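A.B. asks: Respectively, the protein sequence lines represent chains A and B. Everything in the first sequence is counted per the UniProt record's numbering, starting at 1 for the first residue and increasing by one. Everything in the second sequence is counted per the UniProt record's numbering, starting at 1 for the first residue and increasing by one.
Since the hints were made in silico from the structure, they are not lab data. Each hint should be verified, as a subset may be incorrect.
[Said to hold, decoys possible] Computed list of lysine-lysine pairs in DSS-like fashion (alpha-carbon distance at most 27 angstroms, straight line):
1) B/LYS57 / A/LYS222
2) A/LYS254 / B/LYS57
3) B/LYS125 / B/LYS60
[To be verified] A short, non-exhaustive set of chain B residues, derived as facing chain A with CB atoms under 8 angstroms:
4) ALA48
5) ALA53
6) THR178
[As the list claims (entries may be wrong)] Coverage of chain A stretches by chain B, computed from C-beta distances (three or more under 8 angstroms per stretch; other residues unrestricted):
7) 50-58
8) 174-185
9) 233-245
10) 253-264
Just so you know, these numbers come straight off a predicted model, no measurement behind them. Built from N, CA and C at the ideal position, the CB exists for glycine as well.
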Amino acid sequence: MVTATDAPCRAFGNLPLPHPPLHRIPSTALGITYVLGIEGSANKIGIGVLQYDPSEETYLIRANPRKTYVAPTGHGFLPKQTAYHHQQHVVPLIRAALNEAGITLQQIAAICFTQGPGMGAPLQSCVIAARTLSLLFDIPLMGVNHCVGHIEMGRIACQATNPVVLYVSGGNTQVIAYSNQRYRIFGETIDIAVGNCLDRFARVLHLSNDPSPGYNIEQAAKRAGKHFLELPYTVKGMDVSFSGILTQVEQYAKAISSSSDFTADDLCFSLQETIFAMLVEITERAMALTQQSQVLIVGGVGCNRRLQDMMQQMCHERGATLCAMDHRYCIDNGAMIAQAGILQLQYGGNTTPLEDSVCTQRYRTDQVLTVWREP
Amino acid sequence: MTRTESEAFTVNSDWELVSQGAEAKLWKIPAGSLFDVPCIAKERFSKAYRHPALDEKLTKQRCRAESRILTKCMEKGIPVPRVLRTDAPVLYLEYIDAPTVREYLESDLLLALTNTAQNASQHDKLQQLALAFGQMVAALHNMGIVHGDLTTSNAMIRLPEMTLVAIDFGLAKNTTSTEERAVDLYVLERALSSTHPKLPDDFWTLLLTSYRAAAEKAEATLSRLEQVQIRGRKRECFG
């Protein structure tokens, strides 16, 4: 079983609150609150320890270790193997996180875990770990929507009060904006996710899954001779579709030979240019519709420099701002789950009773009532 | 009426920039400046973030598609702005002095919903609007046109008679595909729920009922719509 140990997310210093909380749940004599975040909805398992200091009204990531299951080249990560990977790593990671933070489980106010969306078996493995700790140490559980975790960590890390969020990962493609205590989905994919499209194309080209297929496509695109091949461009309102593009680019890939006038690198370049232009376009449409002038990109595909650059250009043309890319919210990790969980806890949201602590593969972003945001 | 010529696009001093959307600027041109009637110049601008080849293709293609489809709608008697001239990437359209459905909903109807005394009459207006919207979509689909971006911002409403004028056909297509029609409705459903979360639940039901009554291939389209909805919602599976 191949695993990659990611460098832990650095604790960047204290981060101020979005606005003062209504409820505070102190868990130590000094009034400092610690929560644990457990994330394992896809091929990464991450444990985060988040601290809230009421005297300064700031959050601080005390520890955020993570392991990634790397599937063999030419394959995707399968639920069974991924779950097994997470089961192997969850206990050592929790130990490592607590050690690094220098606290014990008795000091933890809540265990925040990813309730969904995600792959069933890996989610399940993490929920079982969360429940076990909850019962052993009598700590309340707090179920968190994975997408909301990305958004909240992004908002706090970037000091973005009300951004339009582009959520792009291996399983999700959504344009989200806040309204009336929910993160509303303005646009999304009507078939496969953008990251899935990139991952599957990487498999066709036999690119490595280490560190991620998308990263290797990005590197290939940089080597390309800027030969742009036309691919279908499918935007429907604020929704997008990628399956037709994937089929077309796969057919091009099969036609590569010594006599063809394009290379695999050119295909990576053309694929990126086309699908990222679609994503930037729907983001801009959502901004025009909601009259927002801030953009936050979250999810693994958000690490792509080309996507960042294109979005930056769009923002520049509109007089808007793009929040800087940051691993704390772009790549799955435990601290972001802890962040969304602690907000829920501090603003009077209910903790999750044991019998309700089941996880679900389908959990829409707009199902969460964001009690911590003003109506 | 439509002619295509190639002149550089220049903005006169008496033109007024009325809105800047995601892909086009709308200039209001007073009567007598370019045409006898007041009109709108819709200028699709170039996007620096897009690859130049893709950018040129999209701006021109969308401008021409819009012009072609508006002309077709006009010939078949569907209320749309009249095309005065096409000069890709700029389109000169008849100026329509009416609010968009979104403006109408936000300024008038939904705000008044809290007022119980007016509730009944507002509810009637909402019902009328839902019926008119369903008929508008059905009329387009019956002609083999899929709008591609159905939102409440892309339909204007003439008051008090409540006739809807469909606008913004940049993503529109001539197609008879059931799938495309179903996706068209799906896009509208999503736009309604995200832009107007306070809209009563029966608005969509009523809109579909009116669509079913007016559209020729309603059964096939609506059963495909169910499949599209399932496919769309299934997308929540992964982190």
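A.B. asks: Look at each hint and say if it fits the structure.
C.D. replies: Each hint, compared with the structure:
For the hint pairing B/LYS57 with A/LYS222, the CA-to-CA distance comes to about 23 angstroms; that is within 27 angstroms, so the pair holds. Simply put, A/LYS254 and B/LYS57 have alpha-carbon atoms about 26 angstroms apart, close enough for the 27 angstroms limit, and the pair holds. Proximity of B/LYS125 to B/LYS60 is assessed by CA-CA distance (about 39 angstroms); at most 27 angstroms being required, the pair is judged violated. A hinted interface residue such as B/ALA48 counts as satisfied when its beta carbon comes closer than 8 angstroms to some beta carbon of chain A; here the least separation is about 5 angstroms, so the hint holds.
For the restraint placing B/ALA53 at the interface with chain A, the shortest Cβ-Cβ distance is roughly 5 angstroms, inside the 8 angstroms limit, so the hint holds. Hint status for B/THR178: violated, given a least beta-carbon distance of 15 angstroms to chain A, over 8 angstroms. By the rule of at least three residues with a Cβ nearer than 8 angstroms to a Cβ of chain B, the coverage given for the segment 50-58 of chain A is violated, with 0 such residues. Three residues within the 8 angstroms Cβ limit are the bar, and the segment 174-185 of chain A against chain B gives 6, so the coverage statement holds.
Only residues whose beta carbon comes within less than 8 angstroms of a beta carbon in chain B count, and the segment 233-245 of chain A has 6; three or more means the coverage holds. Requiring three or more residues with a Cβ within less than 8 angstroms of a Cβ of chain B, the coverage given for the segment 253-264 of chain A is violated, as only 0 such residues are present.
The structure fails hints 3, 6, 7 and 10 (numbered hints given earlier, in ascending order).
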